[in-house]
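Engineer: Note that the protein sequences, when read in sequence, are chains X and F. With the working numbering applied, the first sequence covers 97 to 495. With the working numbering applied, the second sequence covers 217 to 922.
Honestly, I wouldn't trust all of these hints.
To be verified - Which residues of chain X face chain F? A few of them, derived with a C-beta cut under 7 Å, are:
(1) G219
(2) I276
(3) K280
(4) L412
(5) G451
Source of the hints: derived by calculation from the structure; they are not laboratory data. Cβ atoms here follow ideal geometry from the backbone N, Cα and C, with glycine treated the same way.
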Amino acid sequence: MDSIFFYRNLEIVAPKDGHLQGVKIAIQPNISVAGWPTEAGSKALLNFKAIEDATIVQRLRQAGAFVCGSTHMSEFGFGLAGSKAGEALRRQAADVELVLDLMGESRLAALHAAACGFKPSYGLVSQFGLIGLIPSMECCGLLSRNLKNIREILQTIAGPDELDFSIPDEEIPNFSPQEIDPQKTTIGFITEPQNELSNDKEAIFRYSVDELKKAGFSLREMSLPDFSLFSLVHKIVGSVEASSCAGRYDSVRYGPRALGTKNWNDMYLLSRGAAFGLLLKSYLFQGAFFQFENYGAYENACRIRARLLTDMQLLLSQADFLVFPIDNGATSGASELLADTYNQFASTVFANVTGQPALYLPPVSGAAHLGFQLAGPRLSDARLLAVGEYLLNMRNGGK
Amino acid sequence: MLFSQRVFCGQITPDDVGRKVLLGGWVDAFRDHGGLLFIHLRDRSGIMQIVFSPEVASADLCQRAASLHAEYCIAVTGEVKKRLAGTENPNIETGNIELMATELTVLSESDTLPFTVSEKAMVPATVDRSADKVAEDLRLQYRYLDIRRPSMRDNLMARHRIFQCVREFLDSKGFLEIETPVLTSSTPEGARDYLVPSRLHPHNFYALPQSPQLFKQLLMIGGMERYFQIARCFRDEDLRPNRQPEFTQLDIEASFIDEEFIYELVEELTVKMFAVVGIKLSRPFARITYADAMDTTGSDRPDLRFGLRFVDVTDVFYQTNYSIFRQILQRGGYIKGINIKGQSEMLSKNVLQNEYAKEIAPSFGAKGMTWMRSEGGKLESNIVQFFSNQELEALRKKFDVADGDVLIMIADPSYAIVTSALGQLRLHLANRLSLIPANSFFPVWITEFPLFEATDEGAVTSSHHPFTAPDRIDFDPKNIEELLMLRSRAYDLVMNGEELGGGSIRINDRNLQRKIFAALGLTEEETREKFGFFLRAFDFGAPPHGGLALGMDRTVSMILQTPSIREVIAFPKNRSAACPLTGAPSAVKREQLAELRLLNLGAQDLLLGTAQKGNRIDHLSWVSRIGISAKERPVMEQILTQAEELVLLATQKAGKEEPIRNVAPVTNHTRPGTEEKRSALSQTGQLLKSAPAVKGNYYKVASILE
């Protein structure tokens, strides 16, 4: 079992009071816990030990949760190559996993673990103490078999943090249990993502939509012609942000330094050349191309992002939630090629571009489909989870 | 009034009271006393207070004056008045008078300034030199504003006056100012050349002169007798704090002279240059041989404003039982020390052992440092018990020790390490103990340099350049040991630890010159190839001659006591050898390179397009500072191809929307608390714990230079 964990918390901690008492949480080594090796899956942080607790860790422990270790992750959480996300749930080593979501990693990992995966609204959870890569798109996703766990953890960790200046001043959703009236809840489904699916997968998705219909929700067919541009925006904006974000890995404050460099330019060039794996290096290199040679493309991508955001808001003014298929792509393995990685996440990347919350629900046990994603407007996290809880409840023969 | 009638602000005196004058300049400062407006008008000569009073000026004029801002360029007419008693401003020279404005023309407006230009307070108060705190690159980017500041203006004016003084003096001594070319070929100075590609001769280059050395000697052969030039010289050297890639050198050469002529001339000139700003230097300047300078200060440009001379105590320890010294002496080593008189209170055991012996001396290249303090008639130290009474007594005598003295000693098998480490300790201690008297100048000639230095390959190379005359001519050019004993007829002028200039008496006998080349191991053919045209000139009756070059930027900086030479240069390069104002050095168009045939120099014929892509990978790898291995290159090429497609798609699909960079509303947060404080993690050293290299309380990085 040890191969799941990058670091295991072997200290015996007396259970604390609090509503999360006894909940075992596995994190990833991009989340700082004082004294824990925190390499974020990269050689650029080899042997780096966190010196402070991340705000979310501090809040989780305060609420009585037990942070049981960190699982192997891909380099800076980008893609799932080398990642063990979801394994701790699958092997029942943890009740909840926190998984960095840059383009859908937490939802695909949940699919793999046949558990629920939730990517909260952008800006809802403190990033303090979290090592990231794409500041305007990433957030800490949550995996659990049980949506109540996810809801209660969000209740604990969401909200302003005076150490995280990036959190907007907004009203935090109320995560107490809420009633859902399916008759009064419209769920839209967009045709374009389905066009990208193979025939059998499309049929599978129809099956998901049927489940929603049976549960009593009103379904509405909608269109978002530019759906394929989410990937484009993510590729350009994400790589530019990553390139600039990874500038800090310069072998001065942390990380290994190449030996025998003559001057500091050499030191940067060689140390950074040795620090990044091929996939990440490709991504940073692509980002550098836009930054230094074609900044206009980045600006254009930001324009398209603005349009996509408006389109999404328009759709969500006509429906309460949207249902999306999920597809783990043609190559679900660990490809080191950037194009393959993006193909793998084509169905999930939209929520990172818009910052909206997205919930992955696994299929009814035994069913041959992949499950689906539900997404709502930014900060609708509590209601979205409530819809999810309602559906799971229905599956269990509830009302 | 016409501009021809304009007078300068700084030239108006109380004698002008009642005169109507026209002034032109810049608004330096501005004060509004409700109806009564005061401005400081500044031109190159000084500052004049202008008053816009409703009693004298029309309402329209007052209104226009109220809309003035800092650094507007204006012309003002008015009458000179004496200031009311009690309103004088001692900060400016015209502080007893003011101008009652009757006319105002705004000649041109100014944008908001990147930094404050004004240095003179309008009311009696401390002088505001806020520009001194401005980042230097910002000052250099807006140098034209920076030199409006009176302190920079004063520097440039003083520089001008010093240069004028040089020209007048040398003219009076019969020197001709003659210009030499800037586009020339490589000269035998030590540094790298700046090269200028020739378009008409593809793949050939001019070199910018590192000094006019060869030309000035040719001028002597040409019978010009006495020459000088204020020459711009160029050296492509690694960055050092007080160096510029181009610098101004006063170049002097004279025929039928010897060293004494140069000493006399340059001393007189130096005294005159310093006198420009009222600094008196006494003559004759001290002279010290290179060997003495190294022996007693560890430097060939010694700072002699303070003592702390070395004492050689090698012989004291020939019989010592102290094993470290014994081993060093067995290997033919040296032990030298300094008596820091009366400083034992400032240099505690802790400071000497933990700072100097453990940190500072090793950072200067010494393997260790021995220290002793004299207290109650006894020498004390952590190792004093290893020395015999005779040794301690001999030390007391050699160092002339009194109570309160501190001795430091460096022992090492290498003379160079002993003198270099002790020399740096000497400077470190002098600064730390404030032993350097302020406003003092100690010029000294360094003489009798070695003619040759040994190379790693067991041969010799010129210490100066191969045209420097040796002190004697009867040497054997094959005998390396003898060559290394030769002294040159070179001299350096050093002041306060800085080399202001140097020169030598040159060789004028072609046979002697051949002998020197032979000593350097150059064949006839090699010398012809390297210096052919120059040596040919010596075949036509070269007169005895010699000269000197003074670094004028450094000299002016010393005279004005500025913190860096950039303060006395109108448009200097910054510490990275770049010009923030013009952006030089900058990339050039491919077409320009193509025209100069500088593309694909030495490259094989490559498939069309691959060279460009290869270059792009190198370029991106460099700008993003990510090394790309040969194995990774094909992947990066693919990435570039894909990225090009993304560019096309993004261009096609983008509309006119405002680009967004954040999906959540941006709010500005401030950390709670108002006091500055150090992070607790930094105080406990935690922050440094993950660093690959640390020195003291800092992250350690590779040096900027090679």
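Engineer: All hints, please: hold or fail.
Structural biologist: Against the structure, the hints come out as follows:
The closest approach between the C-beta of G219(X) and any C-beta of chain F is roughly 4 Å, which is under the 7 Å cut-off, so the hint is satisfied. A distance limit of 7 Å between C-beta atoms decides the matter here; for I276(X) the minimum to chain F is near 26 Å, and the interface restraint is violated. For K280(X), the interface hint is violated, the least distance from its beta-carbon to any beta-carbon of chain F being 28 Å, above 7 Å. With 7 Å as the threshold, the beta carbon of L412(X) stays out of range of chain F, its nearest partner Cβ sitting at about 14 Å, so the hint is violated.
The restraint placing G451(X) at the interface with chain F holds, with a minimum CB-CB distance near 3 Å, inside the 7 Å limit.
In this structure, the hints that do not hold are numbers 2, 3, 4, in rising order.
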